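J.: Residue strings, one per chain:
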Amino acid sequence: MELYKFLPKTNCKKCGKPTCMAFALDLLQGKVKIDDCPPLLESKYKNKYDALKDLLGSEEGKQKELKIDVDEDLCDGCGICVTVCPVNARYCPPTLSGKAPDYPPEKHQLFQVKGGKCELLAIKHCRRIEAEGRERECRVCETYCPRKAIKIDYV
Amino acid sequence: MVSKRVICAGCSLLCDDIIVRSDGLFIDEVIGACLKGKERFDQCMAKNRIISPKIREEGELKNCSLEEALERVDQILKRSSRPLLYGFSNSSCEAQLKGIELAKRINGFIDSNSIICQGRILNASKKFGITLTTISEIINKADLLLFWGANPAESIPRLLNKVLFSRGKFRMTGREIRTLIIIDPVKTASFNTMGVRDVALQIDPNKDIELIRALKEECCLDGSIPPEGVAGLDKDDMKRLLLNLSGAENGVVFVGQGLLKTQKDTNLIKELLELIEIINEKQQKGRISLVLMGGHYNMAGFEHVALSNTGKNHSLQYVNGELIDSEDTIVSKINNEDFDCSIIIGTDPISHLPSSLARKLASKPIIVIDNRKSATSTIANVVLPSAITGIECTGLVYRLDHVPLELKKIINPPSNVISDKDLLEKILYNFETQF
Chain A
1 MELYKFLPKT NCKKCGKPTC MAFALDLLQG KVKIDDCPPL LESKYKNKYD
51 ALKDLLGSEE GKQKELKIDV DEDLCDGCGI CVTVCPVNAR YCPPTLSGKA
101 PDYPPEKHQL FQVKGGKCEL LAIKHCRRIE AEGRERECRV CETYCPRKAI
151 KIDYV
Chain B
1 MVSKRVICAG CSLLCDDIIV RSDGLFIDEV IGACLKGKER FDQCMAKNRI
51 ISPKIREEGE LKNCSLEEAL ERVDQILKRS SRPLLYGFSN SSCEAQLKGI
101 ELAKRINGFI DSNSIICQGR ILNASKKFGI TLTTISEIIN KADLLLFWGA
151 NPAESIPRLL NKVLFSRGKF RMTGREIRTL IIIDPVKTAS FNTMGVRDVA
201 LQIDPNKDIE LIRALKEECC LDGSIPPEGV AGLDKDDMKR LLLNLSGAEN
251 GVVFVGQGLL KTQKDTNLIK ELLELIEIIN EKQQKGRISL VLMGGHYNMA
301 GFEHVALSNT GKNHSLQYVN GELIDSEDTI VSKINNEDFD CSIIIGTDPI
351 SHLPSSLARK LASKPIIVID NRKSATSTIA NVVLPSAITG IECTGLVYRL
401 DHVPLELKKI INPPSNVISD KDLLEKILYN FETQF
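Quick note, the sequences are listed as chains A and B, same order.
Numbering follows our numbering, with no gaps: position 119 of the first sequence is 119.
Numbering follows our numbering, with no gaps: position 175 of the second sequence is 175.
Rather than coming from a laboratory, the hints here were simulated on the basis of the structure.
Remember, predicted model here, so these are calculated numbers, not experimental data.
Treat the hints with care, since some could be wrong.
Below, in silico cross-link-like pairs of lysine-lysine (PhoX-like), each with a Cα-Cα straight-line distance of 20 Å or less [stated by the list, open to error]: (1) Lys285/B / Lys270/B; (2) Lys107/A / Lys124/A; (3) Lys114/A / Lys148/A; (4) Lys285/B / Lys148/A; (5) Lys64/A / Lys148/A; (6) Lys117/A / Lys282/B; (7) Lys282/B / Lys239/B; (8) Lys64/A / Lys5/A; (9) Lys36/B / Lys4/B; (10) Lys114/A / Lys36/B; (11) Lys141/B / Lys148/A; (12) Lys216/B / Lys141/B; (13) Lys239/B / Lys141/B; (14) Lys64/A / Lys14/A; (15) Lys4/B / Lys114/A.
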């Protein structure tokens with residue numbers, strides 16, 4: 001209901017939904033974005049648009065995208081992230097004994113060291129996205145990086 | 001484009017899992033190597049690479065042909081009676097063998113970099129005995145890693161990756177089952193890999209020997225630690241350290257440069273070996289072994305080559321073609337100015353040695369064999385370029401755990417550049433034939 005207050009409430013159906021209430025529900029679940037409502041982008045609804053953006057900014061924790069940031073200036077390519085990452089360990093057997101994985105990389109592989117620097121390959125296979133339960137809280141790469149070059153963040 | 005699995009010679013760990021993609025002329029991509037290894041592979045095309053022989057004429061280094069340079073080397077060696085050969089830690093074992101042959105022929109004094117690093121501990125081990133171990137055994141069995149005076153995260157970047165985080169045959173859980181202890185006066189980058197059960201000990205500088213003595217006493221007689229602690233550590237820390245050491249099934253002590261360089265006497269090494277011996281006797285189910293951390297990729301090689309060929313592991317003094325017993329080391333030789341020319345191979349003593357010694361070394365003619373410009377090569381009388389071992393020529397080298405590995409050739413060296421083994425062979429040949 002909180003979100004419905006800031007919508008135009010005209011039931012114009014320009015967004016493809018039957019009513020503004022339906023749009024508000026989908027907005028809450030993250031199925032649609034604010035910009036999908038065409039009348040809201042008009043100048044007379046600008047105040048409501050800004051208010052809605054502020055409101056969603058604080059509530060949108062679940063929809064934020066995972067970002068693993070590797071600082072290239074700090075990284076010295078020691079490969080600890082390659083070895084400790086549980087996804088790498090499952091799909092690239094050489095990393096079990098501390099060795100570099102094969103090349104070209106396996107499609108699930110998350111980290112690789114190339115040209116003396118760590119590279120992020122397929123973030124969509126990270127445990128923080130794919131796994132369930134406590135495994136979702138995985139932070140091993142960030143914890144064990146001796147140079148503190150890896151930062152896990154949501155943006 | 002061909003992908004090859006090669007051994008990286010960036011540091012003494014000699015990682016054998018590096019993939020290099022090259023078209024036969026240049027190296028395009030290096031996968032799996034750390035920044036140090038990458039630099040090593042980049043060295044072929046680096047700006048400070050020496051590709052032409054140089055001789056000093058009227059105070060300036062000038063490019064010349066290899067024959068001219070070798071002739072000048074011959075002149076210098078013919079005039080000298082006490083030449084000095086130093087370096088060899090960045091050369092293959094074949095080149096080291098040729099170096100010893102050359103020293104024997106020209107009645108010189110030959111020494112490697114290991115004399116100011118791990119040479120002393122190996123010398124001391126002749127009397128007391130030493131238990132070494134290999135990297136694969138550490139991966140499969142070790143449950144306690146003690147880094148004493150070492151910062152592996154920065155000096156040998158992939159070492160922690162291999163020994164601490166890897167999952168071995170009997171240590172399937174990897175990091176969780178291994179205990180890490182670091183003893184260092186400075187809080188280095190290695191401290192960042194500490195877990196909950198690990199022990200971080202920041203001791204006072206130059207107090208290592210007091211700590212070792214106190215640990216020894218505590219081993220023999222319980223409760224002998226003074227209540228105020230030793231070397232900046234309190235009683236609980238020391239007890240925790242001892243408990244970990246004596247409880248380990250397969251403990252490994254990594255002896256770093258910090259421990260080897262702090263003191264002048266060999267007492268510290270003797271006491272350390274004795275401490276390990278006492279702990280090994282005391283504990284029931286396991287043992288503690290040692291790994292000596294060298295910097296250059298073939299530092300351990302010279303020990304083996306010299307020991308198996310001459311019976312002495314460093315500081316070989318030849319007189320009339322015979323090896324004589326002498327207490328001299330490279331430092332005392334330079335300090336007493338007991339030399340009249342020097343051949344420096346693959347190292348940079350002018351920037352590594354103290355300035356007083358460097359000045360004395362620079363006062364006599366210097367012949368440099370190296371692949372990159374350094375402080376030594378800029379003041380040298382003759383500079384001979386060499387191919388890079390492990391990239392442009394093959395060679396046998398010893399890893400830091402004294403395991404021999406064969407380095408392969410990946411690309412061709414620049415034209416007219418030959419390996420340091422061939423250069424030494426030519427110098428030796430010229431010396432024997434020309435009059």
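J.: Confirm or reject each hint.
T.: Do the hints match the structure? See the list:
At roughly 24 Å between alpha-carbon atoms, Lys285/B and Lys270/B are farther apart than 20 Å, so this suggested pair is violated. Annotation: proposed proximity of Lys107/A to Lys124/A holds, straight-line Cα distance about 10 Å (limit 20 Å). Note on Lys114/A and Lys148/A: the hinted pairing holds, with a Cα-Cα distance of about 19 Å set against a maximum of 20 Å. The straight-line distance between the Cα atoms of Lys285/B and Lys148/A is roughly 37 Å, outside the 20 Å bound, and the hint therefore fails.
Straight-line distance between C-alpha atoms of Lys64/A and Lys148/A comes to about 23 Å, which puts the hinted pair past the 20 Å bound. With a C-alpha separation of about 45 Å, the suggested pair Lys117/A and Lys282/B falls outside the 20 Å cut-off, and the hint is violated. Proximity of Lys282/B to Lys239/B is assessed by CA-CA distance (about 15 Å); at most 20 Å being required, the pair is judged to hold. Restraint check for Lys64/A and Lys5/A: not satisfied, since their Cα atoms lie roughly 24 Å apart, outside the 20 Å limit.
For the hint pairing Lys36/B with Lys4/B, the CA-to-CA distance comes to about 19 Å; that is within 20 Å, so the pair holds. Using a Cα cut-off of 20 Å, the hinted pair Lys114/A and Lys36/B holds, with the two alpha carbons roughly 12 Å apart. For the given pair, Lys141/B sits about 28 Å from Lys148/A by alpha-carbon distance, which is inconsistent with the 20 Å threshold. Restraint check for Lys216/B and Lys141/B: not satisfied, since their Cα atoms lie roughly 26 Å apart, outside the 20 Å limit.
Taking the CA atoms of Lys239/B and Lys141/B, the gap is about 24 Å. The hint is violated against a cut of 20 Å. Using a Cα cut-off of 20 Å, the hinted pair Lys64/A and Lys14/A is violated, with the two alpha carbons roughly 26 Å apart. The suggested pairing of Lys4/B with Lys114/A holds, with an alpha-carbon distance near 14 Å, which does not exceed 20 Å.
The earlier numbered hints that this structure contradicts are 1, 4, 5, 6, 8, 11, 12, 13, 14.
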